[in-house]
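One-letter residues, chain by chain:
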Amino acid sequence: MNFLEFMQQMVNGFSLGSMYALIAIGYTMVYGVLRLINFAHGDIMMVGAFLGYFGMAVLGLPFVAAVFLAVVGSSLLGMLTDKVAYKPLRDAPKISLLITAIGISFFLENIFNVLFGGTPRPFPVPEYMEHIINISGLIFSVASLMVPIVTLLLLTIILWVLYKTKYGMAIRALAFDVNTVNLMGIDANRIIMLVFGMGSGLAAVGGIFWAVNYPSVEPMMGVLIGLKAFAAAVVGGIGSVGGAVIGGFIIGFTEVVVVAFLPEYGGYKDAFAFVLLILVLLFKPTGILGINFDKSRF
Amino acid sequence: MRKLSILATSVALLVSVSVAKEIKVGAVMPMSGPLAAYGQTTYDGIVLAQKLQPTLKNGDTVKLVLVDNKGDKVETATSTTRLISSDKVTAILGALTSTNTAQVIAIADKKQIPVIAPAATNDKLTMRRSFANRVCFADSFQGKVVANYALKDLGLKTAVVIVDQAQVYSLGLSKAFKKAFEKGGGKVIKKLKITSGDKDFKAIVSQIKTMNPDFIFLPLYHPEASMIARQSKQIGLNKPMFSGDGVANQTFIDLGGKAVEGYMFTDFFDYSAPPTQKSKDFIAAYSKETGKNELNSFTALGADTYFLLVDAMNRCSDPSDSICVNKEIKASKGFEGVSGIINMDKTGNATRSAVIKVITNGKAIYKTTVNP
Amino acid sequence: MNIVIRKDQWINLAIIASALWFIWFASTHFDEYTVRILNNIAIFTILAVSYNLINGVTGQFSLEPNGFVAIGAYVTALLLLDADAKDYQFDIESPYPWVLGLQANFVWALFFAGTFSSLLALTLSFPVFRVRGDYLAIVTLGFGFIIRILAINNPEITNGSLGLNDIPEFSNLYWTGGIAILAVWGILNIVNSKYGRAMKAVRDDEDAAIAMGVNTFKIKTFAFCTSAFLEGVGGGLLAALLTSISPDLFTFFFTFQLLIIIVLGGLGSTTGAVIGTVLVIGGAEWMRFLDEPMNFGLFVTPAMPGMRMVVFSLILIFVMLFAREGIMGKRELKDLFKKGKK
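Residue numbers (my numbering), protein chains in the order written: chain A, 1 to 298; chain B, 1001 to 1372; chain C, 2001 to 2342.
For reference, chain A alone in the conformation it holds in the complex (with noise of 0.2 Å):
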């Protein structure tokens, strides 16, 4: 391997981690919150690419448009199931919460599959994001040179809404002790919902994101990507928005380096996040960034 390859494959593993840390942050923004894992938050981010792609290929809205699009549509989808599904679960077992998450996401998955069915689609790209930069032989789309860029962006704002708003105040409130937030007046029930909000929101850009970078659509999209974001989630530190970050692209890296490196391991690609979930919980439940998750949590 020569050097100019191998900093082609850290660019491709730089791609790669940022677009699971995108997807990642809107994991940890709701388990943190409600600590449920909410299983279908990659079915979210599937059914944001869906609206993406349907505002495109067939409305021939604008790309921005179409991220609009899918944002508030995916947005609403989350409340809604928070309403719906997981808002008269609040005083009932965990388990029966996290039973209808499940339920959700096959939901989702099986009702996209009977309406569209399960052949891939493929999604209209805008022309300027298949642009290809050239750094003297390192070799980079414009879309996957967006993406690091979106996910900072939205990392800033995730924290200027979580510490200089009334609202991420609250959301913190929340996360340390519901019924101290309500006795504060605050109504738990309606800050749950916004998080559900934000949450389904990211998930969406993350779709659209990971649909330019990789343009097919298709129902069982966000199965593997939202078991592997919540992976990041965890081995960042669960609960942190920056661990997220810090977790995917770890993830990411993991994944280019063992095909790049070790070829004869690239089967085992897949396996990579869960083994390290396994091994962070065994040796550092608190994940890298160390928050301890009964205390703190952002």
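Hints are computed from structural coordinates only; laboratory data are not their basis.
Backbone N, C-alpha and C fix where the C-beta goes; we use that ideal spot for every residue, glycine too.
One thing to keep in mind: the hints can contain errors.
Straight-line C-alpha distance at most 27 Å; calculated DSSO-like pairs for lysine-lysine [as the list claims (entries may be wrong)]:
1) A:Lys94 / C:Lys2218
2) A:Lys87 / C:Lys2200
3) B:Lys1333 / B:Lys1124
4) B:Lys1191 / B:Lys1239
5) A:Lys284 / C:Lys2194
6) A:Lys94 / C:Lys2194
7) A:Lys94 / C:Lys2200
8) A:Lys94 / C:Lys2007
9) C:Lys2330 / A:Lys87
Quick list of simulated restraints, FRET-style, between CB atoms [stated by the list, open to error]:
10) A:Asp187 / C:Phe2322: 19 to 29 Å
11) B:Lys1157 / A:Ile132: 23 to 33 Å
12) A:Lys284 / C:Phe2022: 52 to 62 Å
13) C:Glu2156 / B:Lys1157: 26 to 36 Å
14) C:Thr2251 / A:Leu76: 27 to 37 Å
15) A:Glu5 / B:Ile1365: 47 to 57 Å
16) C:Gly2101 / B:Ser1086: 33 to 43 Å
17) C:Trp2021 / A:Lys87: 48 to 58 Å
18) B:Glu1022 / C:Trp2021: 29 to 39 Å
19) A:Ile132 / B:Thr1347: 45 to 55 Å
20) B:Gly1362 / C:Glu2156: 36 to 46 Å
21) B:Gln1112 / A:Tyr265: 41 to 51 Å
22) A:Leu262 / C:Phe2322: 43 to 53 Å
23) B:Met1211 / C:Tyr2096: 21 to 31 Å
Please build the complex by placing chains B and C on the supplied structure of chain A, with the hints as guidance.
Just chains B and C, lined up with the frame of chain A:
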């Protein structure tokens, strides 16, 4: 004289009424689940074939019994048992993939019920089995076709193979290709492993670029092959790419877009150059039925399982005698099918030709036919 | 008091006797199709009651069955196939010599299948049960996934995605039904023992259980390993019933089916798990109509492949939202006989 002829007709009528019976033929197909798209396409062919030829020579009618195996092994076993023990079928058509077809055969072989597989290409499928048959070619032949075409017609000497570890089809085809390619003097530089469902292949294509092979062989299905083609073009890897019949569909071209221009693949037949009279008739019936001319290979193969079976039944004095039917299926020589001329052998394998197509201006264009 | 216990025992004996009689009657009188469905029901009963032990009784949300069933199926298949058969069918890579040497009779094969699954469960327990909360779900989900990847990528042991074929067909209704009865009986005994009470205590209030001196790690691990053992055995029976296995058999859908079964039957009720199995596995044949075109008289809906899965997930959500108790709640069959007591 007139009386006599009336008598004769009425006798003939009487005979046919009293003798004509209904023969049940089972079909095990994934009509739902992950393989549904392929299953439905194949079943369309079987149904249309039955519509075109619903009766046997002796007046017996054939009734199709379809069971959906949902692409699942447990369901496949249950469906096969149901067809044999409660529907009492004479023969079974299906299933689609090699693993599920192996399941059907495992049960049917013990009960001496012949199975005709439309599209299961794994070499081992028919070995050590007496009642297993197929109308498609096996992996070993397809691998040979690609290897010889690349070596002799295109003069490509080195190849990188990308194999999907999770697909039986991919494993079988890559193995067959490697064997034939190296026998012909070519060199497989590297076999790279992927798993179906992967989307990011940048790490793989970056490696291939450094290896600089003459061409890339991708015995994959369309979702993965199209993504690899796109990501290769992105990093400026412009080597010829070759696949098997796994990408022989329009979805592949839609997904790949401009990146699959010049992409080559093998297929069973080409609707624009119908190889037999039967294909012409079938395509006409198909376009009357659906309004489309583009007959998918799977539909053609599905139809051929049915036509081959009916042809074999016609040669048996008792068409519901499954042992005789099985013997006659294997004895079919020069059978004119929808997808081309099929010669069956004792092992239940079909000897048949393959076609090579190349994607030009967003269309799969017929290039040549390779005979065995 | 004594009389009540005796009555219970009589009822149990009567149930077991009639179940045994039914197995004999079914094997000798029913056609193969029915027998096969009964075999499926028996195997899924084993899986459902053991899955219920960790999910329903101990209250730990786990998504492991497909992983352990796969392990059990592969162990059994490798032990039952003789060296010749293995050598012949290993097509991708030639098998390791020790793989060829594996050989055992059916009983030992099932025992090893269970033990091996159980040991793996024990190793998984350490990372999972050390942390509280719902990591178990995601780790077990990942575990099932890793098992599939291992099966695909180790063709020297598993023959990769080609899977193992021509497994001797040892399973019949006597085996599957007999082991199902044993499994139900065994699980009921555990549930009614002091371990069972500790499991329920963990489910109902973990903090209280810790305060009462229950070693929750030990109890959870015990429940998890017991489930894994029976799931391994169930996998073995499945392999010897189907006679061919491959990695694509053990996807997450397998687990999802079991989840529906125990939720529908009533989380925590072993009797419910049995009823759920009969409804879901038996009902699956009946549910076929959902995927077919439907004629409502006025209009005809086109065939919608996959509709069944939508219905499945809706059932799951509805049961959780509106009938969280499922059919049996946490009750067992015997509770139905002593109505007056509660």
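Hint numbers not upheld by this structure, sorted from lowest to highest:
5, 8 and 15
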